[in-house]
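Colleague: Work the whole structure out from these sequences, hints included.
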Amino acid sequence: MTITYAWRGAFTDPELSDVDSSAPGWWERVNAHSLGWVCARDAGGALAGFVNVAWDGGQHAFILDTWVDPALRRAGIGTRLVEVAAEESRAAGCTWLHVDFEPHLTTYYLESCGFRPTAAGLIAL
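Residue numbers for the sequence shown follow UniProt numbering, so the first one is 1 and each next one is one higher.
None of these hints come from the bench; they were simulated from the model. The C-beta atom is built at its ideal place from N, Cα and C for all residues, glycine as well. Incorrect hints may have been included.
[What the hints assert, rightly or not] Label-pair ranges, simulated between beta-carbon atoms:
#	residue 1	residue 2	range
1	104	28	27 to 33 angstroms
2	114	46	26 to 32 angstroms
3	27	56	34 to 40 angstroms
4	18	110	20 to 26 angstroms
Modeller: Shown next as structure tokens:
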């Protein structure tokens, strides 16, 4: 399977409807608020995966909205999305890459992607 990865690659809102169908306007939001994003595409050009990289305008970048087409999961696409996001965040001058995740994703983010656990706080708004 051939998958290509593009930092700040083009995408359409309908392509991301599976990520969060309640959040229209993806293109406008990521362009206005993100350091960048990574699009993974299969050989036919279909979106195979996506990850958004928000940032604070300085040293901290944040992984959000990691998504891989359900038919293509467990093939390393998500891990490579995060690797590209980390590489590009580093190239942009960030020194920290953060991610929040639900408990069932612990193995993926800590073992597959190389994040380490840290203490953090959260307020539900």
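Colleague: Each hint should be assessed against the structure and marked as holding or not.
Modeller: Against the structure, the hints come out as follows:
{"no.": "1", "hint": "104 <-> 28: 27 to 33 angstroms", "result": "holds, 31 angstroms"}
{"no.": "2", "hint": "114 <-> 46: 26 to 32 angstroms", "result": "holds, 28 angstroms"}
{"no.": "3", "hint": "27 <-> 56: 34 to 40 angstroms", "result": "violated, 22 angstroms"}
{"no.": "4", "hint": "18 <-> 110: 20 to 26 angstroms", "result": "holds, 25 angstroms"}
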